[in-house]
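I would like the entire structure built from these sequences, with the hints used as guidance.
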Amino acid sequence: EPEVTQTPSHQVTQMGQEVILRCVPISNHLYFYWYRQILGQKVEFLVSFYNNEISEKSEIFDDQFSVERPDGSNFTLKIRSTKLEDSAMYFCASRTRDTAVYEQYFGPGTRLTVT
Amino acid sequence: KQEVTQIPAALSVPEGENLVLNCSFTDSAIYNLQWFRQDPGKGLTSLLLIQSSQREQTSGRLNASLDKSSGRSTLYIAASQPGDSATYLCAVEGNTPLVFGKGTRLSVIA
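Residue numbers (our numbering), protein chains in the order written: chain A, 1 to 115; chain B, 1 to 110.
Note that these hints are calculated values from the structure, not bench results.
Computed from a predicted model, the values in this text were never measured in an experiment.
Be aware that one or more of the hints could be misleading.
Pairs of lysine-lysine residues, derived as DSSO-like cross-links and limited to a Cα-Cα distance of at most 30 Å, are as follows [said to hold, decoys possible]:
id : chain 1 : residue 1 : chain 2 : residue 2
1  : B       : Lys-102   : A       : Lys-83
2  : B       : Lys-68    : A       : Lys-57
3  : A       : Lys-42    : B       : Lys-42
4  : A       : Lys-78    : B       : Lys-68
Here's what the structure looks like:
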């Protein structure tokens, strides 16, 4: 069964460094998402992406964040200058179509630790 | 602003019991509601999606209901097993992208 994959599973970085989190969505899906979950807190929406552009973003997704689909398979989240509070689990999700009937499929996540 | 609340926060039951997890949301203008399962340190596995026009969905031992007008959903798990132990998340999608509850942590004791 097709699944969303994410790499790396765990990333440790120093404050101020840039990180790139990678996702491979399910191949026939058209809508892509990033979410994050700080330890012990709710899963929060960051950004949605369709047709090579951001379709929606949350207040969390500030100028330090960017997303890209550099080729036909990968979907990346870049954090330019990491802060301690960026430490969280980051989930990528994809969906075949952005309508009410289609569920989002989530990847296993990347645990980001900023020291 | 949509808010999703899940009660109880944690639940421990003996194996074989039937149980109900609750989810409430403040804005009834939703397109759908999804229930997810999350194992410790892992990703989210979609269990059921209920469209706003539907009242319930079933998958195996799981049954989810939706009362959109009152802003409530329940997830019923029949004949619980130790393998059902996980955190169960409810999320709603409407004019905003998926908004999650904090989850109910379920422990099924053998």
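Here's how the hints hold up against the structure:
1. Lys-102/B <-> Lys-83/A: 24 Å, holds
2. Lys-68/B <-> Lys-57/A: 26 Å, holds
3. Lys-42/A <-> Lys-42/B: 14 Å, holds
4. Lys-78/A <-> Lys-68/B: 37 Å, violated
Of the numbered hints listed earlier, the single one contradicted by the structure is hint 4.
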